[in-house]
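4 protein chains.
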Amino acid sequence: MAGNSFGNVFRITTFGESHGQAIGVILDGCPAGIPIDISEVQAQLDRRRPGQNDLVTQRQEKDEVHILSGIFEGKTTGTPIGMILYNIDMRSTDYDNLKNLFRPGHADYTYFKKYGIRDHRGSGRASARETAARVAAGAIALKLLAYYNIKITGYLISIGTIKAVEREISIIEQNKVRCPDVNAAKKMETYIQELKDAGDSAGGVIEVIAKGVPPGLGEPVFDKLSADLAKAMMSINAVKGVEIGDGFACTELKGSENNDSMLSDGFATNHAGGILGGISTGADIVVRVAVKPASSIAKTQNTLDIQGNRVEFSITGRHDPCVAIRAVPVVEAMMAITLADHLLRNRLSRLSDM
Amino acid sequence: MAGNSFGNVFRITTFGESHGQAIGVILDGCPAGIPIDISEVQAQLDRRRPGQNDLVTQRQEKDEVHILSGIFEGKTTGTPIGMILYNIDMRSTDYDNLKNLFRPGHADYTYFKKYGIRDHRGSGRASARETAARVAAGAIALKLLAYYNIKITGYLISIGTIKAVEREISIIEQNKVRCPDVNAAKKMETYIQELKDAGDSAGGVIEVIAKGVPPGLGEPVFDKLSADLAKAMMSINAVKGVEIGDGFACTELKGSENNDSMLSDGFATNHAGGILGGISTGADIVVRVAVKPASSIAKTQNTLDIQGNRVEFSITGRHDPCVAIRAVPVVEAMMAITLADHLLRNRLSRLSDM
Amino acid sequence: MAGNSFGNVFRITTFGESHGQAIGVILDGCPAGIPIDISEVQAQLDRRRPGQNDLVTQRQEKDEVHILSGIFEGKTTGTPIGMILYNIDMRSTDYDNLKNLFRPGHADYTYFKKYGIRDHRGSGRASARETAARVAAGAIALKLLAYYNIKITGYLISIGTIKAVEREISIIEQNKVRCPDVNAAKKMETYIQELKDAGDSAGGVIEVIAKGVPPGLGEPVFDKLSADLAKAMMSINAVKGVEIGDGFACTELKGSENNDSMLSDGFATNHAGGILGGISTGADIVVRVAVKPASSIAKTQNTLDIQGNRVEFSITGRHDPCVAIRAVPVVEAMMAITLADHLLRNRLSRLSDM
Amino acid sequence: MAGNSFGNVFRITTFGESHGQAIGVILDGCPAGIPIDISEVQAQLDRRRPGQNDLVTQRQEKDEVHILSGIFEGKTTGTPIGMILYNIDMRSTDYDNLKNLFRPGHADYTYFKKYGIRDHRGSGRASARETAARVAAGAIALKLLAYYNIKITGYLISIGTIKAVEREISIIEQNKVRCPDVNAAKKMETYIQELKDAGDSAGGVIEVIAKGVPPGLGEPVFDKLSADLAKAMMSINAVKGVEIGDGFACTELKGSENNDSMLSDGFATNHAGGILGGISTGADIVVRVAVKPASSIAKTQNTLDIQGNRVEFSITGRHDPCVAIRAVPVVEAMMAITLADHLLRNRLSRLSDM
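Residue numbers (the working numbering), protein chains in the order written: chain A, 1 to 354; chain B, 1001 to 1354; chain C, 2001 to 2354; chain D, 3001 to 3354.
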């Protein structure tokens, strides 16, 4: 009810603030018998962690994961998996001047109005640091999906107005912006460096694809696979839009153009992005996610303080000039968790021999 | 779990197939004391009902609502509100030739793969007829919101490539396409008539605005107001994309452009669409929804039958050439239900004097 | 959240008041493929219905069930099953003198304090009439369980201080009090008739057994099978106690007496009532349920009215002198629903070949 | 879904195994603004902890609680409260001889059948050690309840066949068996010592009372306060029965005896245990809980091993001769959590001025 859980069967509950003791996640409903090597969880966290290159925040967090429960002799036992990451490299004093301000684009004002109280240090619970807990749980989801030969890949297809034309999957992790187009990647890197120097920030669009998803996943009418993916993505910090398959572009097509014809070996096209009637078709699941430019910028801004006075301020902490880059593994994790949940839920759809 | 419920506190469960006995909804968690006049529920259903003009399906359903429970002496009692609409004007034989086919763009194939069985008549449960139940529940939500001075308005801002420039709210219900731009509306009407004649269909984009929403609604980190709105919208038949505020367009802005500055009388701009950190800011909530062109078209198409044979067929039932038109009250209903749910959930955020 | 739903996977939502239009239930999460004959549902309702013999309420309700959705060509489709029963033989005027009173033992006072409003006619939502909806859904659960060879039997083991010694299952439905002991049954019948004549009422204890339940059902640590059964039973009108296996009596045993030894063909004893660590063992599930004497009695009583005045009154409606008799099929239904839910949930516990 | 969460609004999720790294709890939905001193949480844990006197297990765990999140400057912030207790004094080798056995009365067999895998060390997740996490969360619930002047007291009213006659609340924590009757307490202490020496164990009945609960708590028809309390209690290790008010005894009364008459200053009697129609009446909430004799006994027993061979064994670990003693704070905690949840849920029942 209070909103810190996601998923029905494969269900995560995250906790922790950016500058508190630790952040973490409890994963309940993971089936017994999945082999888990902690290094696989750590590897995903390393893809998200701060300080990984010079285009992301320079906060130095190793984000070392500790598994507290739910795994015995290298396998999941069916009991809840608890994982925590201690907060190490905090500079809470960076936030002293922001304590009584409502930073534009941030959750400062809304948390204050909602709870009457807020942990201002590093945005507290509203910090994107919370997404590390999602990535840890997502790593377990990926293991479950891998067992059923489902694979997820995310990447940036635009930053600002620079758009990727190519989809060369093999190069994604070889550039600093996780872009599958080598030319676009170069331009993006330059653009972000410029914005960083100017104390500004950029937005971007992430595309994420799941291959190998069997038909049948998704629970009509409200828990459609598309609906749960939309929620999963929109729950990520800074996300302002989600589309499936052709998304907004399909509104310009005619029905005769948009309908994907069925062939004996699959669909002739995939305008639908792998989902019809809210249920997976067996074709690739294709989702695109709009990430706004980071709200934390060094440029001087105007805002109100808690007393309602108009004040001028600038943010001096260590921040991402383009949060979309580090959001890629988060988007993958949320897709993995959503698919794992629906994969399990789909076991319930028919009478069977148990 | 099986997906036919939406909302946490203000929670609806819908049931019923297009060509079964009836469709309906149980609304649980509606607070006691709301005055309800059945004519207000009926009025919303009339806005969604088939046959309302010549650009929508000609199935003749009066969609007369029956309230079975939960209201006593004109007021809600806090017990579940049951509402049903009988199916009257069914022509199930229209579907005889489709019984063993998987219509492209439809849920035929996916339901069959999921359940191993399906009610093929009029798409069964996958029919957009189910959304009438949402509109009935939405009418109650609107009453609750009205008590707190919250108002919701939806309209079409594009059909195919025709886009509305104006936002003249007063004319929305005065044209057949619910468009707030009189010139665009005319072009849209003509375009739909052409498609209808050609046995084809059009998609469109709906914009929906909520005014008067207090700050504080939304439950971080997963049940963000934006996340729940995204799910609400994406759960509607034919929807393939959702965005909040500037949505995908904000990815092209810089942080310094996208951040909404705070003034003493509110926000200087509303790029955020009224939501920051997943919580309402007090500014207008702005959501846009991409509706694909209807999959049911009269044009001859190719597909597979249940045996895997490639077959040619055409659809002869009565269908909407542009489902986005009748989706407007559905989008409003889903927003109303989501806001009603979060309005109530927000009562739980603080210690209070009960 | 508002409490009118039960079950997680196999989930029912009931609605309706005693003197409203209808009562009903939506069953969501029933797997596709179960053959359902409406007469089987009706047969269970007939076991619960008013007027079935002279020791129960003489309200004449046929309780004819209407299935509105979810079944196609005689089988469940995986979509929600909607069922309603219209209220026919209402005498709302019987309640006119009770309109402003809080009847002792009833929910009048508590509903009024909770909601500030109440439907006083026949106890409204608090009426045991609501349990008919549970029995209808329970009939579907029984079909699911039967497919897996699970069988449920309930009966009265005491009324007042008269206790059954024998457990002759075959005679349960052959006496008016559903007692498996022919001698006790006769005494019970006489006792109830005496109380009825005296304008009073009797309580009783129901025992219910499930045979054929496989080991593994129940989800530690909170959704233990025992915990969910306890909730299921305690949610039934007039129930004030629940025990599993030896229950309260086992507190007088030593561990060495109470531990059920394992043999190669099962357990040597069944003090545990078929549940260990909250999970079924494969032995019979044994539950006992305490049902209080009906609160509606013809005898003159004292109470308060809404203004706080002390008043004398007597109840003239048609009521059960011993609600435990008609509660037997309700107890069976709630056990069936709980087991069906856990049978399905247990599909999720392990990695499998899907 | 997987069962490790309890509560709807005030919701806990526990994790951890007896011999793993740590056990813990995430409390989501705790309102902002409650002052929390960690020593208050620790004080409750100290009442439950092993080794507190010579009649309980001698495992030496300080059970020191660490609060990881959700509290800022001494107050709850509305974000999830994470708390962990590291496992320190484990002797996992004590369990080596039990690795391939199914101990009678334990969850060994059922976990193995459910998950196909189990952490055998100290019963793993099935250990009563998990209840420490409940007590930690319960301490926060008690703080919330205290703000609204609700107070909870639990104690033992019987061990074996020794029953308390008095209810002298002030002496409960002054004897080793938490009994409110000084004479009974002495007999109980002697009896437990005898059983301990004999390698056996005793059961008992706990009574728990909540004073100051306002009328209106409980959500009909399934989430009745009585139903949720029954589930809460039955979810505790070793509990086999629950009753409200007079419970099983009320089945022997007549309606005219059992109905609690209303007076201008409250109820004349409290047979109902403070709950009518599933909703609190304002009178004391009275619940009794049957705790079975501990399954871990030193006496030689027979059982099966994983291969199905009949084997003789005895348990050498450090165990409680009467788990009911340390279960008292657990029962209180579960009542506190249930009441906190319903106190908050009841904010949703009416239209209000928000």
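Since the hints were derived computationally from the structure, they do not count as laboratory data.
Because the structure is a prediction, the values reported are computed rather than measured.
Keep in mind that the hints are not guaranteed to be accurate.
Pairs of lysine-lysine, DSSO-like flavour, derived with a Cα cap of 30 Å [unchecked claim]:
| no. | chain 1 | residue 1 | chain 2 | residue 2 |
| --- | --- | --- | --- | --- |
| 1 | A | 113 | B | 1062 |
| 2 | D | 3062 | D | 3075 |
| 3 | B | 1099 | C | 2163 |
| 4 | D | 3211 | D | 3196 |
| 5 | B | 1254 | A | 186 |
| 6 | D | 3186 | C | 2299 |
| 7 | B | 1143 | C | 2299 |
Derived list of chain B stretches under chain A, where covered just means 3 residues or more per stretch with a C-beta under 8 Å from a C-beta of chain A [what the hints assert, rightly or not]:
| no. | segment |
| --- | --- |
| 8 | 1087-1094 |
| 9 | 1243-1252 |
Virtual Cβ for every residue (Gly too), placed ideally from N, Cα, C.
(message) At least three residues with a C-beta closer than 8 Å to a C-beta of chain A: is that true for the segment 1087-1094 of chain B?
(response) Violated, because only 0 residues of the segment 1087-1094 of chain B bring their Cβ atoms closer than 8 Å to Cβ atoms of chain A.
(message) Checking one constraint from the list: CA of residue 3211 of chain D to CA of residue 3196 of chain D, max 30 Å. Satisfied?
(response) Violated: residue 3211 of chain D and residue 3196 of chain D sit about 35 Å apart, past 30 Å.
(request) Decide if the proposed pair is consistent with the structure: residue 3062 of chain D and residue 3075 of chain D, CA atoms, cutoff 30 Å inclusive. (result) holds (25 Å)
(request) Would you mind confirming whether the straight-line C-alpha gap from residue 1143 of chain B to residue 2299 of chain C stays at or under 30 Å? (result) violated (44 Å)
(message) Need the status of pair residue 113 of chain A, residue 1062 of chain B: alpha-carbon distance at most 30 Å?
(response) Roughly 45 Å between the alpha carbons, so the hint for residue 113 of chain A and residue 1062 of chain B is violated.
(request) Take the C-alpha atoms of residue 1099 of chain B and residue 2163 of chain C, compute the straight-line distance between them, and say whether it is at most 30 Å. (result) Not OK: residue 1099 of chain B and residue 2163 of chain C at ~59 Å, beyond 30 Å, violated.
(message) Against the 30 Å threshold, does the CA-CA distance of residue 1254 of chain B and residue 186 of chain A hold or violate the hint?
(response) holds (19 Å)
(message) Need the status of pair residue 3186 of chain D, residue 2299 of chain C: alpha-carbon distance at most 30 Å?
(response) Roughly 46 Å between the alpha carbons, so the hint for residue 3186 of chain D and residue 2299 of chain C is violated.
(request) Given that the segment 1243-1252 of chain B was listed as covered by chain A, double-check it with a C-beta distance under 8 Å for 3 or more residues. (result) Check passed, 9 qualifying residues.
Hint compliance for this structure: hints 1, 3, 4, 6, 7, 8 are broken, all remaining hints hold.
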